[in-house]
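> Sequence:
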Amino acid sequence: MPPSADHIRDLVADYLDRHPAERSALSGLLSALDSGADPTSRTALPGHITCSAVVIDAAGRVLHIAHRASGLLLTPGGHVDGGDATLLAAVLREVREETGIPASCLVLTPEFGHAPIDIDVHDIEARPSTGEPAHRHFDVRFVFRLTPGAPEPTLQDDEIAGAVWLAQDEVRSPTLHAKLSAAGLHGTITPVNASAVIRDAAGRYLLHLRDANKPDIWAPGCWDLLGGGREPHDATLLDTVTRELQEEAGLVLTGLEPYRVDSVIGTHGTSVPVALFAGEWQGDPSELTLTEGVMLAWFRPEQLPYLTMLPDTRSLLETHAAEHPAPAADQPEKSAAAVAGAPAGTEPHIVGVHLYLERDGKVLLGLRHPDSAYAGDTWHVLAGHCEYEAATDCAVRESREEAGLVIDPADLDLVHTVHMIDKPGDRPRIGLFFRPRYWEGAPEVRERDKCVAWEWIGVKDLPERIVPYTRAAIEGIQAGRTYTELGWQR
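Counting from 84, one number per residue, gives the positions in the sequence shown under this note's numbering.
Rather than coming from a laboratory, the hints here were simulated on the basis of the structure. Check each hint, because a few of them may be wrong.
As the list claims (entries may be wrong) - Derived Cβ-Cβ restraints for the label pairs, each shown as a range: (1) Gly270 / Tyr457: 44 to 54 Å; (2) Arg520 / Glu340: 46 to 56 Å; (3) Asp93 / Ala409: 43 to 53 Å.
Being a predicted model, the structure only gives us computed values, none of them experimental. Every residue gets a Cβ at the ideal spot worked out from N, C-alpha and C, and that includes glycine.
Turn these sequences into a full structure, and let the hints guide you.
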């Protein structure tokens, strides 16, 4: 559907706030907006909206094209189509159709952003051959900078005779010439967004899961970096990223260093240069106060291909990881000799605590989130890693955090133990399976990044996609066994 009247009215109102002397010249446009008719329709009379693009190259020149029909040298642009949701979308389509330059090769300027640099009013002569009466065009002009390496214009031969780059003082339109002179725009691309590449000592990256229910935001439903756009009170882009970290996650981080300037594709398809800063943090993301998005989590580089993430972000993080190698994931962070108080030859183990809840011959299983760092799209019992706490306390905590169940540690019975390694060289693991004699509450999904559903499933009808050691433990419990070994080679 075409751009809404409210969208256009807001855009024009902002423009007139900057250029109040032009209100009289735009009275016809304001009347068209108040009439209730579609001001972008070609049939709207006595005038309607068109859109043009002021494309500035690295030398500061402005792209013009020669139209065969009129013989005029104009900036790329044209009428709004019914499928253009916004005026910006309309002008990006026109640039692509007339010159072959895609939106991904255009950058909105910090000076104007999504606002027009100029709204020109000019008369169009009648065309008796087509039955088109004389009317006016209200030409809304947006300004862009051309990215390095952009292709040369590929012109529509049937409509356009040629293309030329004019110096700004040679621009033919009086109103655009005046606006360019006042703005002093150059051809250098400067970022107005900043993001933080944050990792810990183990080489994990802190990522932000953005809200999937807000399609108009940047990267909805994707894991991405923390960051945002520069505000007027930000003296530098370092100020921007520092403020964004605190506003989005309550994270106060010092020691951020410039890393690089990268480009991503924005919500309108244009190129968005982003200043990236790198830093380290060793904290727990669950303890941060998240004000935007769904959650924060740590991920190792090898987990990135399995996350829902924009390709540009994934490529950036993979490049950073290659440039800054971290300890391998399958190597203990400390040798046995370095473990305080441990006898020589001691090997630290990872302890996992699991809840075996059974009723009426069915066991409670959760379907892991497809993007989960472990066992994505696979069934598993309620479980978690044991922190500096008793195993039964861990079971109580995890049952409350993941499923909203209340369990008394005194009601827990250890019914099975799994001692395993995934592959030679991995750190060994011990899985403790506790069965509660009693619990309060009904299972509910509390951590949607880890689990998407809880179901009671028959112990004799376990799903095919279930964590292997979980299947082994359930089968062992049913058989009355209390111990299972997996992965060990003798």
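> Hint by hint, say whether it matches the structure.
Okay, the hints, checked on the actual structure:
Between Gly270 and Tyr457 the C-beta distance comes to about 49 Å, which sits within the given range of 44 to 54 Å. Separation of Arg520 from Glu340 is about 55 Å and conforms to the stated range, judged on CB atoms against 46 to 56 Å. Distance hint check for Asp93 and Ala409: the Cβ-Cβ separation is about 47 Å, which falls inside the suggested range of 43 to 53 Å.
No hint from the list above goes unmet by this structure.
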